[in-house]
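S.K.: Each chain, letter by letter, is given below.
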Amino acid sequence: HRELYSAASQAPHGRIGMAAAPGGPQDAGKAAGTSSVLAPASPTPPRAVFFPWFGLDIGGTLVKLVYFEPKDITAEEEEEEVENLKSIRKYLTSNVAYGSTGIRDVHLELKDLTLCGRKGNLHFIRFPTHDMPAFIQMGSEKHFSSLHTTLCATGGGAYKFEQDFRTMGDLQLQKLDELDCLIKGVLYIDSVGFNGHSECYYFENPTDSEKCEKLPFNLENPYPLLLVNIGSGVSILAVYSKDNYKRVTGTSLGGGTFFGLCCLLTGCSTFEEALEMASRGDSTKVDKLVRDIYGGDYERFGLPGWAVASSFGNMVSKEKRESVSKEDLARATLITITNNIGSIARMCALNENINRVVFVGNFLRINTISMRLLAYALNYWSKGQLKALFLEHEGYFGAVGALLELLDTA
Amino acid sequence: MRIYLHTDEAGQERGAFKMAARGGRGGGSGHGSLDKSITLPPDEIFRNLENAKRFAIDIGGSLTKLAYYSTVQHKVARVRSFDHSGKDIEHESPYEVTVQEEITARLHFIKFENTYIETCLDFIKDHLVNTETKVIKATGGGAYKFKDLIEKKLGLKVDKEDVMTCLIKGCNFVLKNIPHEVFAYQKDSDTEFRFQTNHPNIFPYLLVNIGSGVSIVKVEMEDKFEWIGGSSIGGGTFWGLGALLTKTKKFDELLQLASKGQHTNVDMLVKDVYGGAYQTLGLSGNLIASSFGKSATADKDFSKEDMAKSLLHMISNDIGQLACLYAKLHNLDKIYFGGFFIRGHPVTMRTITYSINFFSKGEVQALFLRHEGYLGAIGAFLKGAEQDNPNQYSWGENYAGSSGLMSTSPDLCPMQRTRSGTFDMFEMDRLERPLVNLPLLKDSSTYIPDTVDLTDDAMARKYWLTCFEEALDGVAKRAAASQPDSIDAVERAEKFQQKYWNKLQTLRQQPFAYGTLTVRSLLDTREHCLNEFNFPDPYSKIKQKENGIALKCFQGVIESLDSLDWKERQLALVKGLLAGNVFDWGAKAVSDVLESETQFGFEEAKSKLQERPWLEDSYDEWLDRLKEGPPHKCALIFADNSGIDIILGVFPFVRELLSSGTEVILACNSGPALNDVTYSESLIVAEKIAAMDSVIQSALKEERLLLVQTGSSSPCLDLSRLDKGLAMLVRERKTDLVIIEGMGRAIHTNYYAALKCESLKLAVIKNSWLAERLGGKIFSVIFKYEVPRE
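Going line by line, the protein sequences match chains A and B. Residue numbering for the first sequence follows UniProt numbering, starting at 1 and increasing by one per position. Residue numbering for the second sequence follows UniProt numbering, starting at 1 and increasing by one per position.
Among these hints, one or two may not hold up.
Computed list of chain A residues with no C-beta within reach of chain B, every gap over 12 Å [what the hints assert, rightly or not]: (1) Ser-140; (2) Lys-211; (3) Pro-216.
Result set (EDC-like, lysine to aspartate or glutamate): computed pairs, CA atoms no more than 16 Å apart in a straight line [unchecked claim]: (4) Lys-633(B) with Glu-494(B); (5) Lys-145(B) with Asp-292(A); (6) Lys-247(B) with Glu-319(A).
Chain A stretches covered by chain B per the calculated footprint, using a threshold of three residues with CB under 8 Å from any CB of chain B [said to hold, decoys possible]: (7) 196-208; (8) 305-312; (9) 334-340.
Please keep in mind that the hints were generated in silico from the structure rather than gathered at the bench. The C-beta atom is built at its ideal place from N, Cα and C for all residues, glycine as well.
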């Protein structure tokens, strides 16, 4: 292990050092995963993955960044560590907030992880995609390009901002497919666990606030599973093995829709604010329920009275529009989007003949309402056939997958 | 979490008949407030109320659909042989024509805004004579709300029926009975409405009803259906959320906004995330990654139009996606969409079509129904009319009494955008006989009767509409002249003329109003309009005279044919058949000749015919077949005109077939159309000929010659809607030859019809334009002998 790191640290810094590691991920101009540098004529030295180790997932709304902080750095290494590398490490690990919008999810930090022979902590950081230019600017100021690492990035932004990285930051991105990364990340994090706890969990009695329990789920034999990634939009994947998966479908009604509609309907400005409002609202004032129409259950079709017949259906009436609160509207928006995702996921699970559905993505961050609703709805409408599962690191799997890609190339 | 709702909350559909508003109210009355200040034009809207029974009502959120059954008394022309007891009387005519009253059953459906419900109920009460009616079947979300009002006003007990059961019942009914009920919508093609031919087996199908929520129902059999799912994101979501976002209160105004907006200003597209397409997945950059995704990240105001458009896309895509998922799970490929979200709105039909196409990768087609808005009312009515066994009969759309698809859509007719007070109507006639497919059709599911689709072919459409317009005056005059003893014949003829003229104008604007526009539908519409004004058979006198004249010539023609050798005779028989077919009052070029040259006869007609080789000429193959093959087992002949055509053309031909050992089924129309020979006329004609000719006489007696009716009253021929008795006979007699005669039956329709047996299609083209189109001149001959390829 030591050799690896020292090999890296002993290599000359800068561009030349990069060239010394041919076939590596430095060759980032190519499309994701199709690195095609010619094999070197002379025997290669043991290859190292230079620090810093980053995985970047640039989504439509949020950028997710995972950073591996090595904790096994020897004094000797530390001495040789270049200054800007050190400063990056210090900056990231000593802060929990970066600028006005960057946040480190400290509670998600994976401690004492052994990754690629090194021991360290994995940090989870996010910031809005619209701050991407500032991020690139910072990378440029910190002379990130002088470090002989590769920036592995996934998500649509890896493509969208590739040019900016190159021109503003003098950085070549290694672009990676977001679904490959997502699955890789999920399988990895689940396998290492969450600091001794289970990464995967489910809800028992999800509708009962008294009895509702979050319980660990053993995802040891995960296949087949339906993976529902709820970011700004939603992607649904059927995963049959480590490298056999397909994208079943997707929907544009995702987290971005919830937040976007909430902004328009309530004037809120953050996701947290929207969720907070939703937690205080009552969607049944906004939605038209089965019982609003039939006085109770609609027995002909076996529909319970509490089921939503028409999302926002009551808002057709002027009087009711005037009597609902912003909180009610936020709640209804959340319920509408969540139910719809549950419904599509359920249909995909049935069509693919899969009964475990894993929900991930940042829409679920601090969003117990949605998770519990998904848990309940999936179970109820499938008559107990389907199980909704969740993962602690919700939205970070793509970024983790990108980091793993970086290390895999070594 | 999800379900459907059938409440019809959209206040959009408007009918053709404006109500005369009295008192000049602004018409701004909203839901719930009843407008009593109107006077109904009763003869146009609630027709035949005095004979009405079995009421049903479907009350949606804003529209009421009333259904009732009535018996319509109208005049029919009857032919009858003279009583031969008084032998001394010699008649000039071969039979007498009398006009009698006949009673037929009709279903009436009227759609109007809920605002008028009280006025309408009052009107019905005042005009309702039938006291047997005790109950009114009611369905729809509003049935409960108006229950007391209905019971009070009509004195009828309201009997509520399940909404979805009614919907499915109604859907099955129109799918079975109305040709071209189903259409696909293609905004960006020349023909927006692609009507489908009726498939003999309508099950199974998926019905996606988009009311305030969405219901997805799988229908497997007449009375077997299952709610398989739904979604709470439906029309109510569009309306409710749209009202919140845009402060626009009305559903149709929201749709108007949406049709003007740009969703890309509000939605986050794939290219907004990727900078371009997501190539590894082949997702285009223009796909929506996140609906309303931009409204979260951008600090700006969004236009109402853009938000409405984004919302429309969001909801349509979501419904389409779920519908496809359900269709896949249940292995179904027919999805019909209905509910107020769809009803008559090109905007939503377009987005739903797009979505289904996208999510099914083109494997599933979104289908819509012309009478979608009436399904609930039809179903509720059928529920109440079970003792009349309406499902045992065949029914036909009455073009005269129906408003037509979207004839009043604000999108298509900006002139109709007046706030309210318009009525839409739909009428169906009970056909006397059940109709089925001709068993000899090669593939009944792909059979299309009509040769030219005038909705598609703009040039042909223009020509034929003008052609029918130009002929209208003459038709009206002849109608009036056919009833010289009637004091109001002229007035009725004028009304007929006005009505048909209006229909033609509607069809110019909206060729899709009654399904695929064809020469056949134009002809049928004219017949319906004539019947509407009690001109059941304007040509009865002409036919009577011509039959008389032709009968007198019969023996002479037979003698001259018998003097020829076999080969000459075959050609003479065919020429006779073709010459007879010249006598067509439906063709203007001919009717002009017939009116001016009273001496124009069989020989003159023969001289008009094109010389061989004919425009379409497989006569040699036909002759070879007759010469070399065994005689046909049984021939089915669809005859065309009365007079010379049937008597001097068809009968000698029939006689030859009989002589060579072939049995003959001679099929004539059940009801009159132009101067086409009717079944009852054919019976008399056959009787008269039998009296002169032993071959015909013995064939009739031995039932080697059978006269049957087609079940139709059209100058054209739809082989998928034929009398059940005819179909049975065709099977029993092992029919192996079908002969279709005349322009209407063999050219306008069935020119390309593929049959399982040999067929002969022959006609004389009596229209220069059509002849030119086919590469010939007027009086060109079509002689098309076909043998099915194995």
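S.K.: Look at each hint and say if it fits the structure.
M.R.: Going through the hints against the structure:
| no. | hint | in the structure |
| --- | --- | --- |
| 1 | Ser-140 | holds, 20 Å |
| 2 | Lys-211 | holds, 21 Å |
| 3 | Pro-216 | holds, 27 Å |
| 4 | Lys-633(B) with Glu-494(B) | violated, 50 Å |
| 5 | Lys-145(B) with Asp-292(A) | holds, 13 Å |
| 6 | Lys-247(B) with Glu-319(A) | holds, 13 Å |
| 7 | 196-208 | violated (count 0) |
| 8 | 305-312 | holds (count 6) |
| 9 | 334-340 | holds (count 3) |
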